[in-house]
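Based on the provided sequences and hints, a complete structural model is requested.
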Amino acid sequence: MTSIDLSDFVILVKNQFSEEIRDDINEQTDFKALKEWSSLQTIIVVNEIHKHYNVILNSDDFSAAQNLGQLYEIVESRHI
Amino acid sequence: MRAVAAVVPRRQVSNYSLAAFSEDEKNKLVSTLGIENRRVAEPAQCASDLCYAAAKKVIARLNWKPEEIEALFFVTQTPDHILPGNSTQLQHRLGLSEQCAAFDINQGCAGYVYGLSMAASFISATKAKKVLLLVGDTITKLVSPGDKSLEPIFADAGTATALVYNDEADQMHFNLETIGREYEAIIVKEGASRYPGINADAARLSMKGLDVFNFSIQRVAPHAEALLQKASCDKQQVDAFVFHQANKLILESIGKKMNISPDKMPMSLQHYGNTNGATIPLTLAHNFGGQVFKDKNVLMCGFGVGLSIASCLVRMKETIFEPVTEI
Chain A
2 MTSIDLSDFV ILVKNQFSEE IRDDINEQTD FKALKEWSSL QTIIVVNEIH
52 KHYNVILNSD DFSAAQNLGQ LYEIVESRHI
Chain B
2 MRAVAAVVPR RQVSNYSLAA FSEDEKNKLV STLGIENRRV AEPAQCASDL
52 CYAAAKKVIA RLNWKPEEIE ALFFVTQTPD HILPGNSTQL QHRLGLSEQC
102 AAFDINQGCA GYVYGLSMAA SFISATKAKK VLLLVGDTIT KLVSPGDKSL
152 EPIFADAGTA TALVYNDEAD QMHFNLETIG REYEAIIVKE GASRYPGINA
202 DAARLSMKGL DVFNFSIQRV APHAEALLQK ASCDKQQVDA FVFHQANKLI
252 LESIGKKMNI SPDKMPMSLQ HYGNTNGATI PLTLAHNFGG QVFKDKNVLM
302 CGFGVGLSIA SCLVRMKETI FEPVTEI
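Protein sequence lines, in the order shown, are assigned to chains A and B. In this text, residue positions in the first sequence follow the numbering used here: the first is 2, and each later residue adds one. In this text, residue positions in the second sequence follow the numbering used here: the first is 2, and each later residue adds one.
Hints are computed from structural coordinates only; laboratory data are not their basis. A quick note: this is a predicted structure, and the numbers were derived from the prediction, not measured. Take the hints with a grain of salt, since some may be wrong.
As the list claims (entries may be wrong) - Simulated pairs of lysine-lysine, DSSO-like, Cα-Cα distance not exceeding 30 Å:
id: 1; chain 1: B; residue 1: K318; chain 2: B; residue 2: K27
id: 2; chain 1: B; residue 1: K249; chain 2: A; residue 2: K15
id: 3; chain 1: B; residue 1: K149; chain 2: B; residue 2: K66
id: 4; chain 1: A; residue 1: K36; chain 2: B; residue 2: K209
id: 5; chain 1: B; residue 1: K149; chain 2: A; residue 2: K33
id: 6; chain 1: B; residue 1: K66; chain 2: B; residue 2: K318
id: 7; chain 1: B; residue 1: K142; chain 2: B; residue 2: K209
id: 8; chain 1: B; residue 1: K29; chain 2: A; residue 2: K33
What the hints assert, rightly or not - Pulled from the structure, derived: some chain B residues nowhere near chain A, Cβ distances all over 12 Å:
id: 9; residue: L95
id: 10; residue: E99
id: 11; residue: S118
id: 12; residue: S122
id: 13; residue: T127
id: 14; residue: K149
id: 15; residue: N215
id: 16; residue: V293
id: 17; residue: R316
Said to hold, decoys possible - Facing chain A, from chain B, some residues (calculated, C-beta under 8 Å):
id: 18; residue: D25
id: 19; residue: L30
id: 20; residue: T33
id: 21; residue: S150
id: 22; residue: L211
id: 23; residue: F214
id: 24; residue: I218
id: 25; residue: Q219
id: 26; residue: L250
id: 27; residue: S254
Beta carbons: idealized from backbone N, C-alpha and C, even for Gly.
Rendered as structure tokens:
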């Protein structure tokens with residue numbers, strides 16, 4: 002099992018948002034409260050995580066994760 | 002398969018014109034989903050009208066006499082009426098014989114391949130010489146106006162495919178799958194017997210977008226690979242892979258997983274959006290309209306409502322594709 006670097010994960014996710022808000026996103030960010038968060042944005046993030054880490058996230062995972070760090074922990078726990 | 006035609010409504014809606022989205026949202030929407038324009042039926046225009054026009058095209062192109070057609074299959078989830086199904090109406094409207102069998106199939110995104118499998122089975126069992134498969138929907142009528150998740154995706158189209166009995170035809174290979182535990186993932190819950198509903202707004206399409214996305218990127222590529230294996234066909238022998246036009250992200254993911262070169266994976270999404278069961282024949286007509294496929298292997302795969310996945314591998318001996326037209 003190889004571990005995922007937290008900062009790489011945060012960069013991957015923040016790059017899916019517009020440049021105006023990227024700099025404000027970090028592991029503590031409640032990403033679901035961001036103005037840009039939407040059903041389409043969810044799919045974009047899920048797709049990137051699947052492409053890079055081969056991990057699938059479902060709606061329960063997004064309900065459980067309160068911030069980006071917690072989302073990282075879910076992805077990390079499933080990454081092979 | 003002898004001929005394929007597709008007809009779309011004249012009314013074109015650009016996703017850049019949707020009032021519910023900001024400019025940034027519209028740009029992201031188009032670049033991510035890959036859908037720029039959609040064709041939307043007029044209120045009085047039904048799937049039967051679009052398929053009727055498509056059927057007329059293939060009948061004329063092949064110089065068929067309507068009375069020679071022995072069976073008609075109609076695949077739709079937006080019929081004119083709860084009953085009877087569209088097939089009987091079209092038998093009459095197209096001037097087909099009263100000896101013509103008429104079937105209605107309630108299938109969505111996988112509907113074209115399901116329809117092909119049933120039409121092919123019918124032909125094989127009865128040796129019927131000429132059969133029509135009509136697949137079309139006016140799915141936009143089920144989308145709530147202003148629904149930001151669904152409105153930018155769905156569009157309308159009608160198609161017709163002419164099938165003939167040929168003793169020397171290669172076997173058509175099918176792989177059909179059903180994941181019924183996810184039946185609520187894409188659903189119009191009200192308006193039929195279980196929940197009759199009280200007004201039109203209660204009978205709208207809803208979709209668990211993330212669930213459907215995950216299903217598509219996980220299940221479709223292995224499903225299509227399994228078909229190839231079942232047919233003992235090498236991927237290199239396939240001339241075109243035509244997938245249901247769900248959205249760009251899903252299609253890119255499938256293409257990458259199956260290592261399919263983009264030039265072998267025709268698309269129509271940008272121009273016509275997701276037209277439910279009609280996307281596969283519409284994609285064929287859009288990309289190959291005016292051409293005749295001779296001895297080409299085509300893999301077609303639909304996936305979605307059900308949830309269902311259906312794929313087939315067909316050797317097209319001599320198949321005519323009519324260009325897409327509008328009415």
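Here is what the structure says about each hint:
For the proposed pair B/K318 and B/K27, the alpha carbon gap of about 43 Å is over 30 Å, so the pair is violated. A threshold of 30 Å between alpha carbons decides the hint, and for B/K249 with A/K15 the separation of about 21 Å falls inside it, so the pair holds. Taking the CA atoms of B/K149 and B/K66, the gap is about 46 Å. The hint is violated against a cut of 30 Å. Proposed proximity of A/K36 and B/K209 is supported: the alpha carbons are some 21 Å apart, at most 30 Å.
A hinted pair counts as satisfied when its Cα atoms are at most 30 Å apart, and B/K149 with A/K33 qualifies at roughly 17 Å. Among the hinted pairs, B/K66 with B/K318 is consistent with the structure: their alpha-carbon atoms are about 22 Å apart, no more than 30 Å. With a CA separation close to 19 Å, the supplied pair B/K142 and B/K209 stays within the 30 Å bound. With a C-alpha separation of about 18 Å, the suggested pairing of B/K29 with A/K33 holds against the 30 Å cut-off.
With a least CB separation of 41 Å from chain A, B/L95 remains clear of the 12 Å interface cut-off, as annotated. A cut-off of 12 Å between C-beta atoms confirms that B/E99 is not in contact with chain A; the least separation is 49 Å. Consistency note on B/S118: stated as away from chain A, and its beta-carbon is indeed over 12 Å from all of that chain's, at 29 Å minimum. The claim that B/S122 lies off the interface holds: its Cβ sits roughly 35 Å from the closest Cβ of chain A, which is beyond the 12 Å cut-off.
Every Cβ of chain A is farther than 12 Å from the Cβ of B/T127; the closest lies at roughly 44 Å, confirming the non-interface assignment. With a least beta-carbon separation of about 7 Å from chain A, B/K149 fails to lie farther than 12 Å from that chain, contradicting its non-interface assignment. With a least beta-carbon separation of about 5 Å from chain A, B/N215 fails to lie farther than 12 Å from that chain, contradicting its non-interface assignment. Annotated as non-interface, B/V293 keeps its C-beta farther than 12 Å from every C-beta of chain A; the closest such distance is 38 Å.
Every Cβ of chain A is farther than 12 Å from the Cβ of B/R316; the closest lies at roughly 34 Å, confirming the non-interface assignment. For the restraint placing B/D25 at the interface with chain A, the shortest Cβ-Cβ distance is roughly 6 Å, inside the 8 Å limit, so the hint holds. With a least beta-carbon distance of about 6 Å to chain A, the hint placing B/L30 at the interface is held under the 8 Å criterion. Because the smallest distance between the Cβ of B/T33 and any Cβ of chain A comes to about 6 Å, under 8 Å, the interface hint for this residue holds.
The beta carbon of B/S150 comes within 5 Å of a beta carbon in chain A, closer than 8 Å, and the hint placing it at the interface holds. Given hint, B/L211 at the interface with chain A, holds; its Cβ is 5 Å from that chain's nearest Cβ, closer than 8 Å. The closest approach between the C-beta of B/F214 and any C-beta of chain A is roughly 5 Å, which is under the 8 Å cut-off, so the hint is satisfied. A cut of 8 Å between beta carbons decides the hint on B/I218: the least distance to chain A is about 6 Å, and the hint holds.
The criterion of a C-beta within 8 Å of any C-beta in chain A is met by B/Q219, whose closest approach is roughly 6 Å, and the hint holds. At a threshold of 8 Å, the smallest CB-CB gap from B/L250 to chain A is about 5 Å, leaving the interface hint in force. At its closest, the beta carbon of B/S254 sits 7 Å from a beta carbon of chain A; the interface hint therefore holds under the 8 Å criterion.
In summary, the structure is inconsistent with hints 1, 3, 14, 15 from the numbered list given earlier, while agreeing with the others.
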